[in-house]
Each structure stands twice: as structure tokens, then as C-alpha cells.
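Chemist: So the chains spell out like this:
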Amino acid sequence: MKNSELISKNLIHDSGKKHVSGFAEYIDDITEPSNILHGAIGWGKKAHAKIKKIDLKDVKNSEGVKAVVTYLDIPGRNDVGPVFDGDPIFPKTKVEYYGQPLFAVAATSVDLARKAVLKAKVYYKELKPVITIKESLKKNNLLFKPRIIKKGNPTQKILKSKNKIRGNFTTGSQEHFYLEGQVALAIPKEDKNFLVYSSTQHPSETQQIIAKMLNQKSNSVDVMVRRIGGGFGGKETNFITAAICCLLSHKTKRPIKLRLDRDDDMIITGKRHDFFSDYEVGFDDNGKINGLKFKLASRCGMSPDLSLAINERALLHIDNAYFIKDIEVKNFLCKTNTASSTAFRGFGGNQGMMAIENVIDNISRYLKKDSADVRKVNFYGKNKNNITHYGMKIKDNVINELFEELKIKSNYKKRFQ
Amino acid sequence: MVSDTIQFIYNNKIYKVKNPDPNQTILDFIRSDLKKTGTKEGCAEGGCGACTIVLGELKNKKLIYKSINSCISFLPIINGKHLILIENLSSGSNKLHPVQEAMVKFHGSQCGFCTPGFVMSMFAMYKNFSKFSDEIIDETLSGNLCRCTGYRPIIDAAKSLNSRNTNDEFKKNEKKNINMLNKIQVEDIEISYKNKKYFAPKTLTNLKRILKNNSNIKFLSGGTDLSLEVTKKRGEIEKIISLNSIKELKFIKETRKFIEVGSGVSLYEFQNVIKPYYPDFYNILKRYGSVQIRNVGTLVGNIATASPIGDSLPLLLSLDSKIKIQTLKSIKTIPLSEFFLSYRKTKLKKGEFLYSVEIPINKHNHFKAYKISRRFDDDISSVCASFNFLIKKNIILKANIAYGGMSEIPKRATIIEKALTNSVFSEDTFSKVKNLMDADYSPIDDMRASKNYRMDVAKNLMMKFFYEVSGKQDLRVNS
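In the order they appear, the protein sequences are chains A and B. Quick note, the first sequence lines up with residues 1 to 417 if you use this note's numbering. Quick note, the second sequence lines up with residues 1001 to 1479 if you use this note's numbering.
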């Protein structure tokens, strides 16, 4: 078979026929065991507060409720953080974002479970929350020490440049809106084992986190994922749904299904990191960048989650396709009283690339030049100007040819008018 | 005759449910009782379309197919209808419906969770139309969200249906289904379930009798707003009275001077009636919710909910519409502008309901309407504006302006209107008078728009109206 045949072969989706006829099975579609109970999560309604008291009497007495779990019911690790701690399943003393889970119930129906959690009385001592990137920077409220990548002497290069501009740029947050919301089904098995169906992008880590929560061996927890109804990063480290589901099952010794209501899902779970960047750039009359200094800050929410890796990606992608000989990038991971920002398509790369593209656009505006020309003079070269700001040599670089071809094929010059 | 049992066609048979919970959604019934899981819950508020099903119903002895959001529809509304689920489309896993085949062939699914909803919307289109223009396809799909970036292949799938033979299993069984539907459409419905009651009378007389004997009863037409009490607020509605079975309310009267629309008329039906008179009314309605919403939601229901962001209200207000209120004894007519009292409060008293709305027709007037929302389709407006002007010899003789999203009720811009009346129809006039916006409105900041944004947009829309009418600039950009 020729290469071209292989690439252009038209294959239908493996599950296509099942998708279009309604027979593709998602977790909520699995036939429920007859003794199943349904879960719901009760969450905090303050962005930052000390928990004085949680009164769950009315919740326990609510129609259909069979069990209530709090942090006291967790035998092992009370955290679902994948890399670092910081994401308690249920916090003991402090609420750190609006929507943070505080307890959960198991009841005889979805409706009764969801009605029950609304009956909790939570008493708080409110603390001042930090919500925005700017507030966080001002208070130096950071999750980690700022990370810096520096090459050459950008300060001097900017100073010597004929043209200089300063600017800033924001990219917003984003809800994943996977069409299938967070859902898990936990079934207790022999020898304290559990079979957990979870709508997760990361079954093995789900297994480990549940095992640690229960203080059991990993092989006592089976995690099954047939398919998920979209994830986009929103189901990569959202272990809290499966963990709480399994905790309820552990307590009741009955199968539990926990399907988050869409509103709860949006309120409880983390979203895309919003970024704020500040920059200073020096360039010549062709738009060639001589020196660039970037401050790249992101809203990480109340915990590290994957923020370090995501910010790293932004930091490393800030060159996009451009050779910038003298550059400094400082990265600030802002801790805020918001749901912990998490993985989302692109994983920080796109936020970094957006920032440098904005710089290029602003240089073009300043010089009143076509931005395609400014891009061109800054592209990485094939045999020279091919070392990134983090010291990697770019191989197989086709950006220059690709760009020229695209300009011709898209009729760029004509459409630019 | 009164029955406590709802009847509908499902799987080519008559299916009966005695005294169902009137707060149960159709989606819950499908998944929990029928144990059919192809229909999905995405958002539980009629926004994403994953729960789309199709109801076949008789109209003028013909079967029409309506896509609806099963997540916000109460079960009893399927009484007398043909319930069609995604599983019913393919008689076996090897024999797909033409719509399903097209979706597979054109790669219209990725994660697959939104797919059954898309297929059902497209199926309704396939049954109701014979040619599928880009406009029809866009409208059909406006109530279904896909998140894996699949719109292009989905649209391609829909376009490919133009070359398909429209005969399918449903065509073959149509006569049989029509006969069955005729058989089950006879009785008034009165359901008792625990503390809840549901009434679906077939005549105004019976409706009035029920209203007289029951207090605190909620009216149900489309229920697209009412059902959120249950699905989102976790509340219960004890007494519901449905207006859907009353033929006397399902009328559209067209005369030379006005169009009167009964409270049983769906927005979808109305949009095609109003189109020749006021094209902009049609344009706004096409962006009102989605086909699924407009198939059940009514024009009069939109008035009765009295939402400050109801999309039809500014338009009806600027057109000097009147409403007819049915009291237990008689019908009284009042201008719509007097109907709204404060946030979601109206002049309706207990036991009263809206009978119809009367929209004056005036061919000499300039009528324009604009909806500004964060998303083009299936979104709630940040600002909605409507202008209805009579201009003679470049003098504004009548200036009717109404805005939605600018105050706690939809209302006319009376101060601006007064300033414009008898003025010269000129850029200068509009530029000056638009600054009176603060006198007429004080909008709020919310997640849809800020106060300042709303103010700016409201003023700009006045200018847009001027430029469009004066014909100097073509300012309309479609999605």
C-alpha cells in the first residue's frame, strides 16, 4: 500500500453506528444493580472561610437518605491531588473556593439525594478571598516560586533597539462543557474490593487515588472506562467524583452512582487557566525582535493540581515559531480562591502562543506593517537561529516553506485588502 | 369524559401510564421507566439538545414531527402523541435510518454523547421538509451543542440528505399511526399523584371550571420555563393545568388590520405567520431558543412569564400589541404596555389567563428589531431592541421604541419616543436623542453584559436603525 492511500483512506468511527443509534453505552447507561443508591455532593457557598460548624441533621433526616459522608469517613488520604497535595476530598477546617465539596449523601433516588444536600446548615467565619490574578500578584499569593527562563541580555537589547513597546494581554478562562457530565458508578465486591466505572481520562490514577483514600492496595480497586462523553482535560484530574462515589459505597456497602448535576459540575470543577501577560519588546524597523521580556501569570485556583506543568508548557511555548535571541520569561503561578484550574486542550501551550502572537501583532501595528511580514522575519531558521530559549535545537523546521505555501494557497495578499 | 391515564404511541403500539408523576420529565421517564438510555441528559435546561426526542402529532389530519427537549418537558404532555426515540430510528443495529447512515458516513460523531440529539433533530427535519437548504439545516441544528468540534461534518451529513429518498419505516407506518392517534385523542386528563395534580382539559369551559375549583395552579403551555422549577431549583409544582389540549386556544386570525394569536400557538408556528408582515420579527424568532424550544414554547407564554429578557416582548410592545385576558366571566382587552408591573409581575389575577395577543399590521411603518447576545443562536439576549416608526416627508410622525434587557420589565422608551416625535428623521436627531437613554432606562450588570455595555449598545442600535432605514449603509451581518 502506498503512503497516500493509507493517509486518505476513509474509515468510519469505530463506535459510529452505535453513537447514531443510541446503543453506545456511557456510565449513566449501564444497567443499575437493584440495590443501588444515588449520590449528591453538598458544597460550600463561600470563596474563603473557616468552617465553624456543619449541621447535617436535616440532611440525614431528609427523605430517602441512607448515608452521609464527611472527611471523618475517609480511612486514608483525604486528597485527590495528582502530583501535589492540596485538593482535599472534603476540607476539615477551611473552605477555599465557592463550590468546594464539604460532604455527600447517598439516597434512594437522584432527586432525593440532590434535594437532601440543600438542607445542610454550614456556619462560616469569612476570610478575605483572593480572586483575580492582579490581586494575587499584588499580595504575592503564589503557589510556587516564580520560574524564570533567561537567554542573552534582553534588557540591554531592548534599551539599544530603535523601537520599543510595552503591553499586556489577557486570555480568559473556559468551561470544558463535556456533554456528558462527571459521573461514576462504584460497586462493592468481595474482600473489600471495588469496581469503579468512572468518566475519567485517567483510569490508572483514579485507581491509585481511590486506593489511597481507602488505605487499601491499588489492586483492590478496579477502574473501568469504556468511553466518555467528552473530557477535553476536564476529566484528567477530576478524581473527586469517583472518590466521593467510592467513599459512599465504602460506607453503605452498596453500589452508588454519583452523577453531578450540570450546575454542580460547573461550580465544583476547575476550568482553563486564564493568563495575564506583561511585556516589553525592542525591535528593528522590519519588526525583527531584538529583545523581549515577558511576565506570564496565570490563575491556578486554590491548589497546584497540574498548574506547574501547564504553566511550564506556556513558558516553553512562548517562542511559538520565533527565534528570539535575547529573552526573559518570568512565570507566576497565582493562588486564588477559585476552583483549581486544570488541564484543558493545549495544556498552557496555546496561552503562551497567544501571548507572543499578540506581541507580533502589536509590533506590526506600531510599524504599520503586514503582520505576515513581521512573522516571517522572526521565524526560526533552518541552519542558524535555531536554538530555543530553553536551549533546544530545532530540527526538521519547515515553517518558512509552509508559511509561504499557505500565503499563496490562501490567496493571502488579495484577501488582505 | 375524564381520564387519569395518559396514552401515546410508542413502538407502533398504544402505551398507557396511569396517574404518572406530573413533575416527572419525559427524559426521566424514558431512561428510568422505559429503560432506554440512548437519549442523554446534557444540561437539564433545554440548552444543549442531547436529550432531543421527536413527538409525532396530528395537525389537520397530517402527522407532523416535532423535536423537543425531553429534559424540560413534563411527561403528561406526550398524551395523544407519537413518542419517537433514537432507538426507534433503526429497527436493528444493522439497519440504520438514512439520517443515521449520513451521520456515520460523514463522521458526524466523535465522543458520541451529543449524537443522538443531533440525529433526532435531523430526523425531524427529514420528515417535515423535502429539500434541506442551508437555512433549514442551520435552523434545525441550532439547538444542539457539540463540543468535540464536529459541526462541519454534521452539517455535511445533513446536506447529503438532499439526495436521499425520503421514504422510511415511519412513512410506511404513517396511516396506522394516524389511526391510532385518532383513537387516543378523546378525553380530558386529570391526574392525581401523591399531593400533585395535573389537568389537561379539552375545552375552555372545562378549563374555567377547574380554575374555579383550584387555587395556586400553574399554567403549562410549553413549560420550557416552568419546568426549571423542578429540574434546576429542585422544587415541586403541586398543581398544573395544561393549555395544550384546548383547540379554542390554538388559533391564528389574520385580518387586514391585525393578527390575533391564541395562547396555544407555538413560537415555531407563529414565526412563519409573521414573516411576510414583519421580516425582522421572524429573524428574531429564529434566534429565540432553538427549534426544540419553539416547537413547544408559545408566544403568549413568553408574554405571561414577563421576563425582562423575553425576546418577543420588546417587539410586541413597539408594535402596540394588545392582549386579551380571560377572566372567569369575560374577556378584557388591554394594551400590552400596561401588562407588566414589576420584575416578573403582571396584571393577571388569580383564575385569569391570557387568551390571545393582537398584533396590529401596518404596512407603512418601518419596523426593525435587533438582538444582541453573546452567541448568535440559542442564547438569551443581553439587549433586544425594537423600532416601529411612521415617517412621512422625512418627519417622524410616530416613534415606537422598546428594549429588553434594559430594565426589570420590558418597556417602551417613552422619553426618547417623545423627543423623536415630529422631529426630522436625520442622523443629527438620532445622535442627540439617543443620549436620553439614561432617562428611560437604568440597566444592571450581570453575567450577560455590564450596565455600560448595555447602555452603549442600546444607543448604537438606535443609530443602526437610522442607518438601515435611511438606506445609506448595509449594516447587517449574519452569523
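Just so you know, these hints were derived from the structure itself, not from any lab. Just so you know, these numbers come straight off a predicted model, no measurement behind them. Virtual Cβ for every residue (Gly too), placed ideally from N, Cα, C. Among the hints, erroneous ones may be present.
As the list claims (entries may be wrong) - Straight-line Cα separation of at most 25 Å, DSS-like style, residue types lysine-lysine; simulated pairs:
1. B:Lys1095 x A:Lys60
2. A:Lys376 x A:Lys134
3. B:Lys1159 x A:Lys57
4. B:Lys1232 x A:Lys17
5. B:Lys1159 x A:Lys18
6. A:Lys18 x B:Lys1232
Claimed, not checked - In silico contact screen, one side only, chain B against chain A (beta carbon under 10 Å); selected entries:
7. Gln1110
8. Thr1115
9. Arg1147
10. Tyr1151
Chemist: Does each hint hold? Answer for all of them.
Modeler: Taking the hints in turn, this is what the structure says about them:
1. Note on B:Lys1095 and A:Lys60: the hinted pairing is violated, with a Cα-Cα distance of about 50 Å set against a maximum of 25 Å.
2. Under the criterion of a C-alpha separation no larger than 25 Å, the hint pairing A:Lys376 with A:Lys134 is inconsistent with the structure, at around 34 Å.
3. A hinted pair counts as satisfied when its Cα atoms are at most 25 Å apart, and B:Lys1159 with A:Lys57 does not qualify at roughly 58 Å.
4. Between B:Lys1232 and A:Lys17 the CA atoms are separated by roughly 33 Å; this puts the pair beyond 25 Å, and the hint is violated.
5. Restraint check: the Cα-Cα separation between B:Lys1159 and A:Lys18 comes to about 22 Å, which is no more than 25 Å; the hinted pair holds.
6. With a C-alpha separation of about 30 Å, the suggested pair A:Lys18 and B:Lys1232 falls outside the 25 Å cut-off, and the hint is violated.
7. A distance limit of 10 Å between C-beta atoms decides the matter here; for B:Gln1110 the minimum to chain A is near 7 Å, and the interface restraint holds.
8. With a cut of 10 Å, the hint placing B:Thr1115 at the interface with chain A holds, because the nearest CB-to-CB distance is about 4 Å.
9. Hint on B:Arg1147 holds. Least Cβ distance to chain A is approximately 5 Å, under the 10 Å limit.
10. Restraint check, B:Tyr1151 versus chain A: the minimum CB separation of about 13 Å is more than 10 Å; hint violated.
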